[in-house]
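S.K.: Here's the letter readout for the chains.
Number of protein chains: 4
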Amino acid sequence: MLRGEITRAIRSALMQELAAVGYGRLSIEAVARRAGVSKTAIYRRWSSKLELVLEIVVAAAGSKLPTLDTGTLRGDLTLLFKLVTHALGHPLASQIIPDLLAEAARNPEIDETLQVVLRAKQQEIGGSLVARAVQRGELPVGTDAGAAVDLIVGPLYWRLAIARSTPAQAYLDALVETVATGLGAAPAVPRQRDVTPPAAPA
Amino acid sequence: MLRGEITRAIRSALMQELAAVGYGRLSIEAVARRAGVSKTAIYRRWSSKLELVLEIVVAAAGSKLPTLDTGTLRGDLTLLFKLVTHALGHPLASQIIPDLLAEAARNPEIDETLQVVLRAKQQEIGGSLVARAVQRGELPVGTDAGAAVDLIVGPLYWRLAIARSTPAQAYLDALVETVATGLGAAPAVPRQRDVTPPAAPA
Amino acid sequence: MLRGEITRAIRSALMQELAAVGYGRLSIEAVARRAGVSKTAIYRRWSSKLELVLEIVVAAAGSKLPTLDTGTLRGDLTLLFKLVTHALGHPLASQIIPDLLAEAARNPEIDETLQVVLRAKQQEIGGSLVARAVQRGELPVGTDAGAAVDLIVGPLYWRLAIARSTPAQAYLDALVETVATGLGAAPAVPRQRDVTPPAAPA
Amino acid sequence: MLRGEITRAIRSALMQELAAVGYGRLSIEAVARRAGVSKTAIYRRWSSKLELVLEIVVAAAGSKLPTLDTGTLRGDLTLLFKLVTHALGHPLASQIIPDLLAEAARNPEIDETLQVVLRAKQQEIGGSLVARAVQRGELPVGTDAGAAVDLIVGPLYWRLAIARSTPAQAYLDALVETVATGLGAAPAVPRQRDVTPPAAPA
DNA sequence: TTCTAATCGAGACGGTACGTCCCGTCTTGCC
DNA sequence: GGCAAGACGGGACGTACCGTCTCGATTAGAA
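Chains as they are written, first to last, in the numbering used here: chain L, 1 to 202; chain X, 203 to 404; chain Y, 405 to 606; chain V, 607 to 808.
Simulated from the structure, these hints should not be mistaken for laboratory data. Take these hints with a grain of salt, some might be off.
[Claimed, not checked] Not everything, but these chain L residues come out facing chain X in the computed CB check (under 7 Å): (1) G22; (2) I28; (3) D99; (4) G154; (5) A170; (6) T178.
[What the hints assert, rightly or not] As a list, the in silico DSS-like pairs of lysine-lysine whose alpha-carbon atoms are at most 25 Å apart: (7) Y:K453 / X:K241; (8) L:K39 / Y:K443; (9) L:K39 / V:K645.
[Claimed, not checked] Looking from chain V toward chain Y, a few residues come up when the C-beta cut is under 7 Å (computed): (10) R631; (11) K645; (12) A699; (13) Q701; (14) V747; (15) A751; (16) A753; (17) D756; (18) L757; (19) G760; (20) P761; (21) Y763; (22) W764; (23) A769; (24) T784; (25) T787.
The beta-carbon is built from N, C-alpha and C at its ideal position, and this holds for glycine as well.
Use the sequences and the hints to build the structure in full.
M.R.: Below you can see the structure in the form of structure tokens.
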């Protein structure tokens, strides 16, 4: 087995082990076993479990989401929600991320890294989405990007990762509309009708 | 030490251990050590780590939140947000809950229990909050309670548990307004006009 | 398995491992495996490989040879040679003893212990054998016990442990006669004449 | 470094390692390190540790002891004992030989080789010594050379290699006398008086 | 009050994993 | 082509805990 293949096998085995037992119970020995590789080969590359896991997460998070600019706030939201739904739908993600978040609550180094690669990334995406909407005149000048991101990311994360249910398309559409409205956009004219109808215009 | 004292000492030690190392790394041995009790004494009472922890969490979750009816949607939201902020601010909660959620992703029994005692509880609270608002005419008839709960709980949970920052009062106020508006409530009279311009009332 | 059985199983496994691979390559893990016992169980009893091995050897050496007094020097020698031949004939002994002797050459602690339990023991046996012969008048007063022991033990050890051949009874008989004569005993009257006939007295 | 220098450096490093840790714990890696040479360079020359070590020992043993004929049995013994004392006094010999003997107890190939180069050599030396004495009339015709060698070599080996003490000259003198007498030589007239006086002839 | 039964602590048990070390083999470029 | 450098799988190290189990000592309540 060549050098690169070994590294790849370790990374792959790590993902599976992480999903299977979580960070807390992750054992290097099990990763090595699953990868068909010696412990030495792992310790030669990473000095600790933490370093190993964080590298993986950073790599996974770093390779994401080009810009998504559909021309309208609602279009951006629809696309974003679709992407996030898909990303969190992957079983590895839905198992590993909560685990790391839990671990972050008691390990500052993990917390720090996740802040940078996960949450900051979402801030960036959400922030630029809001900024474009403001520029277009869809959202009022002075809209608090931070609060907006909470509003955009929070509900979907809650539904997907905590309540652990897959939302229907109709739910996503309604969520788009509700969030857009909540943030102050003028209502999309005929779009939604039933789920969360805005107050009827005069 | 009497029977009851031992049981109490175990429960107390358990909470501290859970907060310190999380469910994944929780060890009966450490609990026994912290409680000043033999391992035997614990295993005689609970057959597994899981049984022990779930009992505690269920007990903690069961003794909560009476009804909160302030008479207005915005009042209810403000109060709810304050309570949730306080609850999640407690270090035990902010460390134990993410951990159990992570564990739930791979243990159906935990997932099941949490569904019942945590999420269902929030559904119930959020649902009755929405129902009252609909009854009062603050929200349109047919408002999807489930989606509404996501919108109410999600952003705050995200900010508190994931982004792990303590929101200012102004942030909470703005969140109340945004969520209310998003859900379709008529705007609170003069407060802010620009951020979330309400749809014109009928 | 009870406490004592475990200890016994370890000791037995140790002997076999020592014989199989020698002290240098002896591994606690292999001993545990062979004994059907956990490593912990061994480390709980002995703190190191050395301590373990020495204890065994001391125990084995300590439980030996009551007095052997046949009434004549030649009788004592004959009996002693028979006992030693039997003891060194045991495969464990013939494999373990050279190994420990070799190890003793570079480990003072082993050397010290072997001096006490093995060589001193032989000195004692050989010494008392010589003393009795002197008392009986079979050997001259002033016979150097130390040198005598070398003469008694050396040839047989050489033949058994180094040349690794099993001596015939005739060889042992001749050796008795030769040693007795060499030490200064009057020749046994008619016994053997051919193999190593004593020098005819002047 | 040239080809030959590397080979020589390996051989030299091997001797030092053998003395330091013995055959059992000898590692090619350590030899390479001490020789300032790569492991590859060693494995290219010898296929195993055993092959490497035996080659060295055979070479060392092969270049020895011309004939020693002093004209008398006692002279030959005195000279032989002096040579052996000197040879076994060399730290390399006193450490490597017991080690190889121990290893031979469980490795037939080593045993075979040692039989040839070490013990056979001693048999040859001892045998010719006895033969000359018989020819001279100092020892009876029919003296068993094998047994005689045991008697000659055994005591000294025991004292030097096992009891690990350096014998005084007086001890060696007495040993010569005792062995000679034991083998059946007429007593040397006035020589020994105290240490192991032969029994007065009837 | 005595006996019985439950419960206690203490701690040994087989296990698993740790992270380190070093083995002998094998691969890869440099000289 | 031989060399050093060093990564490879393997395996043992001695330690730390795990959850299970057995053991007497202590304690309470029932006889």
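S.K.: If a hint holds in the structure, say so; if it does not, say that too.
M.R.: Do the hints match the structure? See the list:
1. G22: Hint on L:G22: holds, closest Cβ of chain X at ~5 Å, below 7 Å.
2. I28: violated (15 Å)
3. D99: This hint holds: L:D99 lies near chain X, its Cβ roughly 4 Å from the closest one there, short of 7 Å.
4. G154: Holds. Min distance 4 Å.
5. A170: Violated. Min distance 10 Å.
6. T178: Since the shortest Cβ distance to chain X is 4 Å, the answer is holds.
7. Y:K453 / X:K241: This hinted pair is violated, its Cα atoms lying about 32 Å apart.
8. L:K39 / Y:K443: Holds, because 21 Å separates the two Cα atoms, which is no more than 25 Å.
9. L:K39 / V:K645: holds (23 Å)
10. R631: holds (5 Å)
11. K645: This hint is violated: V:K645 lies away from chain Y, its Cβ roughly 20 Å from the closest one there, beyond 7 Å.
12. A699: Interface hint status for V:A699: violated (10 Å vs cutoff 7 Å).
13. Q701: The hint holds - V:Q701 has a Cβ within 7 Å of chain Y, the shortest such distance being about 5 Å.
14. V747: violated (9 Å)
15. A751: Violated - the Cβ of V:A751 stays beyond 7 Å from chain Y, reaching only about 11 Å at its closest.
16. A753: V:A753 check passes; min Cβ-Cβ to chain Y is 6 Å, inside 7 Å.
17. D756: holds (4 Å)
18. L757: This interface hint holds because 5 Å falls under the 7 Å limit.
19. G760: It holds, given that the least Cβ distance between V:G760 and chain Y is near 4 Å, below 7 Å.
20. P761: holds (4 Å)
21. Y763: holds (6 Å)
22. W764: holds (4 Å)
23. A769: holds (6 Å)
24. T784: holds (4 Å)
25. T787: holds (5 Å)
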